[in-house]
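Participant: Below are the chains, spelled out letter by letter.
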Amino acid sequence: MSAKLSPRQVGDVTVIDVSGRITLGEGSSNLRDGIRDMVAKGNKKILLNLGEVSYIDSSGIGELVSGFTSVANAGGQLKLINLTKRVKDLLQITKLYTVFEVFDDEAAAVRSFA
Amino acid sequence: MSEDTSETKQVDAYLDSALGSADEAEHLVLGVAQQMGFQEDDLHKIGMAVRESIVNAVVHGNRYNRRKRVHLAVLTGKDRVTVIVGDEGEGFDPGTLPDPLAEPNLLQQSGRGIFLIRAFMDEFQIRRLSPSGTEVKMVKHIQ
Numbered sequence: 001m002s003a004k005l006s007p008r009q010v011g012d013v014t015v016i017d018v019s020g021r022i023t024l025g026e027g028s029s030n031l032r033d034g035i036r037d038m039v040a041k042g043n044k045k046i047l048l049n050l051g052e053v054s055y056i057d058s059s060g061i062g063e064l065v066s067g068f069t070s071v072a073n074a075g076g077q078l079k080l081i082n083l084t085k086r087v088k089d090l091l092q093i094t095k096l097y098t099v100f101e102v103f104d105d106e107a108a109a110v111r112s113f114a
Numbered sequence: 115m116s117e118d119t120s121e122t123k124q125v126d127a128y129l130d131s132a133l134g135s136a137d138e139a140e141h142l143v144l145g146v147a148q149q150m151g152f153q154e155d156d157l158h159k160i161g162m163a164v165r166e167s168i169v170n171a172v173v174h175g176n177r178y179n180r181r182k183r184v185h186l187a188v189l190t191g192k193d194r195v196t197v198i199v200g201d202e203g204e205g206f207d208p209g210t211l212p213d214p215l216a217e218p219n220l221l222q223q224s225g226r227g228i229f230l231i232r233a234f235m236d237e238f239q240i241r242r243l244s245p246s247g248t249e250v251k252m253v254k255h256i257q
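These protein sequence lines are chains A and B, in that order. Here the numbering used here is used: the first residue of the first sequence is 1, the next is one more, and so on. Here the numbering used here is used: the first residue of the second sequence is 115, the next is one more, and so on.
Hints were generated in silico from the structure; no laboratory data involved. This one's a predicted model, so the numbers in the text were calculated from it and none came from an experiment. Keep in mind that the hints are not guaranteed to be accurate.
To be verified - List of simulated lysine-lysine pairs, DSSO-like, C-alpha gap at most 30 angstroms:
no., chain 1, residue 1, chain 2, residue 2
1, B, LYS123, B, LYS192
2, B, LYS123, B, LYS251
3, A, LYS4, A, LYS41
4, A, LYS44, A, LYS88
5, B, LYS251, A, LYS88
6, B, LYS192, B, LYS251
7, A, LYS95, B, LYS182
8, A, LYS85, A, LYS95
9, B, LYS251, A, LYS85
Using the sequences and the hints given, assemble the complete structure.
Facilitator: Structural data, given as structure tokens:
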């Protein structure tokens, strides 16, 4: 199953629940389009919930990075919650774990945008 | 006693230059690796390395050219699986690949595929084919 994005609003933070596979092709383009759409609508506080992401490849990592920079360039912030062990491992070996702000708790993550 | 380095070819396939070949290759390789007794974590790493290799061959090597094929071979030894992926592209100098962990490259969108293959497999070699193409050979040992 390629990535599915379900956005919801928590205060002024847009939480995007992502599920499925973020791999080259439909999965990574869904993520790219979803984040671009949020930025175009003026949402600058974006929290990606990756708890239901079953698989991510180098292209998917690239889309996370691209989303991070495009939100930052628009004057906003993109943060991550609920990383699976495999996604966390991938971000650690690619040194991106220190680039992203990562949370386990949604309420704490939402508060961090204030 | 010398190490047993003999290998048996289990898969020798020519795949389309299409992204769907990554699924096909992953299925073929993991079928062999599962039979050998690799554990789930290593199966995930092998599968990911295979996917990254096939994507590189399709996208950067054959550039989706339908007239070109991607060669996949899987060999098994006493305690290891060897996967070979070859394309018919123009080839490249692996020495020119930027380091994805270097500070200026950290936020690049691409350039992590071969780095991840190296991280996930125990051995990795890349070579130019004659007259054209690139071949990667990767090995994973059973823990």
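Participant: Does each hint fit the structure? Answer for all of them.
Facilitator: Status of the hints after comparison with the structure:
1. B:LYS123 to B:LYS192: holds, 13 angstroms
2. B:LYS123 to B:LYS251: holds, 14 angstroms
3. A:LYS4 to A:LYS41: holds, 19 angstroms
4. A:LYS44 to A:LYS88: holds, 24 angstroms
5. B:LYS251 to A:LYS88: holds, 27 angstroms
6. B:LYS192 to B:LYS251: holds, 17 angstroms
7. A:LYS95 to B:LYS182: Violated, at roughly 35 angstroms.
8. A:LYS85 to A:LYS95: holds, 15 angstroms
9. B:LYS251 to A:LYS85: Holds: B:LYS251 and A:LYS85 sit about 27 angstroms apart, inside 30 angstroms.
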